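Engineer: Protein sequence lines correspond, in order, to chains W and Z. Once you know that position 108 of the first sequence is 108 in this note's numbering, the rest is easy, because the numbers rise by one and skip nothing. Once you know that position 189 of the second sequence is 189 in this note's numbering, the rest is easy, because the numbers rise by one and skip nothing.
These aren't lab readings, by the way, just hints derived from the structure by calculation. Just so you know, these numbers come straight off a predicted model, no measurement behind them. Each hint should be verified, as a subset may be incorrect.
Said to hold, decoys possible - Straight-line distance between alpha carbons at most 27 Å, and here's what the computed BS3-like set of lysine-lysine pairs gives:
1. Z:275 - Z:137
2. Z:292 - W:45
3. Z:137 - Z:31
4. W:65 - W:79
5. Z:31 - W:132
6. Z:63 - W:65
7. W:45 - W:122
8. W:132 - Z:63
9. W:79 - Z:63
10. Z:275 - Z:292
11. W:132 - W:6
12. Z:31 - Z:275
13. W:132 - W:79
14. W:5 - Z:137
15. W:45 - W:5
16. W:5 - W:79
17. W:45 - W:6
18. W:97 - W:65
19. W:6 - Z:31
20. W:79 - W:97
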Amino acid sequence: MGWYKKRLAKSLWVFHVSASPCNNCDIEILDLLTPRYDVERFGIKLVGSVRHADVLLVSGVINEKVAPMVRRLYEQTVKPVFVVGIGSCPASRCCFKDSYNIGQRPGEIIPIDLYIPGCPPKPEAIIEGIVKLVGVLNG
Amino acid sequence: MNARAVFDLFIFPGFLFAAVFGLFAGWLDRKLSARFQYRVGPPLFQNFNDVFKLMGKETILVKDGVNWLFIAAPLAALAVMSLVSAMTGTALFFGRGLGGDLLVVMYLLMFFSVTIVLGGASTGNIFASLGAGREVKLLLADELAFILACLVPVVQSGYRLRLSEILSYQAEEGAVLGSVSGILAFLVCLLAMQAKMALPPFHIPEAETELVAGTFMEYSGPLLAFWKLSQHMKYVVFPFLMILLFWGGFRLEGLGILWGVLKYLLILFLMIVIKNTNPRLRTDTTLAFFWKWAAPLGLAAVILAVLGV
């Protein structure tokens, strides 16, 4: 199993779940794919279909409107899958915590493995979070 | 089936060779594409890691889909690519045929596109169905140009269809590429190959900005790994076929090996450069391009070949 996890750590395909974000974290996520940061060095690739994904990058407070969809996306994903909460919103819901459409906590809707706080987190911080995930996989 | 045929099909010019070599060629494609964009690009064994990772994931069968077709399509695609690779490889490396000629290769390459269509359409997913429809249109566009280009070596070698006979003609009389008709046919064939591999500018069936993942939308786990593998095997099969048809094959001694590697790398490099410097064409522009420009050019090449130019 250790051998397989090492393979998995070297080719994490990420799927971008925008769950009612303010769009700030999403721009930072896209920064990761640009020549300056280029996460393809680590084998990380942005995929369009959730069936191909190994990591779900969830950004935004998951409000009541979008929560069933996020839940469904998680169920459609092929296991093993890791969920990474990007930004302060999945971790603490930031300034939106008193909004009218806030229901369950993000961690109750889908199991989130890793939080990367920041509003928005810098691309370096996101890379550090992913390196930690890789480190856990490598044991 | 004797032991040599099994070896041909599964080990050396067939499945294993094409898969390993193709994954490295796919890495070269990704790396060079990254360098074109001033990125660093993935490490050498990236494609191997991807495939092994996909092998260990679970496979989800779609509830409303035609499941036997969903499973059979990638396996058929892999089998087709192994067979084409074995047929071109035995002619190139050993100078003998595996019991098929150029017509069989053309049919098999067409059948490969059909497996993509069937696999995509079997799921009932909207994006996959759209991708399957576009794959049919792409096949309709490139097939005529491809066949016309493949006819030129046949005509030049005195209407011989066996791959090994086309090679032995070129060994005696010089490569097909040395004539005017050969150069025209080579260009047409290169463009048709680009479309058959669904590389940009002809990546209409899996246009990721429109159709997300196209025909492979619902595939996951080992089945997706089989698709990836057969896609990477194309990086071996198509350049080898072009070297065989137009460029006189390899000589497996001394400097011949170096020339063989250089021929292969040059064709691969041309494909990657075309891929990275052209935006995607629309479906109608692709059809217009192949039917109005590439196919008449191929026809002109055939007529020139018949006239002996």
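Engineer: It remains to establish, for every hint, whether it holds in the given structure.
Structural biologist: Hints, verified against the model:
1. Z:275 - Z:137: 20 Å, holds
2. Z:292 - W:45: 37 Å, violated
3. Z:137 - Z:31: 30 Å, violated
4. W:65 - W:79: 25 Å, holds
5. Z:31 - W:132: 25 Å, holds
6. Z:63 - W:65: At roughly 26 Å apart (the allowed maximum being 27 Å), residue 65 (chain W) and residue 63 (chain Z) satisfy the hint.
7. W:45 - W:122: Between residue 45 (chain W) and residue 122 (chain W) the Cα gap is close to 19 Å, so the pair holds against 27 Å.
8. W:132 - Z:63: Answer violated: residue 132 (chain W) to residue 63 (chain Z) is near 36 Å, above 27 Å.
9. W:79 - Z:63: Given pair residue 79 (chain W), residue 63 (chain Z) holds - Cα atoms ~18 Å apart, limit 27 Å.
10. Z:275 - Z:292: 21 Å, holds
11. W:132 - W:6: Distance ~13 Å between residue 132 (chain W) and residue 6 (chain W) Cα, so the pair holds.
12. Z:31 - Z:275: Holds, at about 13 Å.
13. W:132 - W:79: Status holds; Cα separation ~20 Å.
14. W:5 - Z:137: 41 Å, violated
15. W:45 - W:5: Given that 27 Å is the threshold and the Cα spacing comes to 17 Å, the pair holds.
16. W:5 - W:79: Since the Cα atoms of residue 5 (chain W) and residue 79 (chain W) sit roughly 13 Å apart, the hinted pair holds (cutoff 27 Å).
17. W:45 - W:6: 16 Å, holds
18. W:97 - W:65: Roughly 15 Å between the alpha carbons, so the hint for residue 97 (chain W) and residue 65 (chain W) holds.
19. W:6 - Z:31: Holds, because 22 Å separates the two Cα atoms, which is no more than 27 Å.
20. W:79 - W:97: Violated - the C-alpha atoms of residue 97 (chain W) and residue 79 (chain W) are around 31 Å apart, more than 27 Å.
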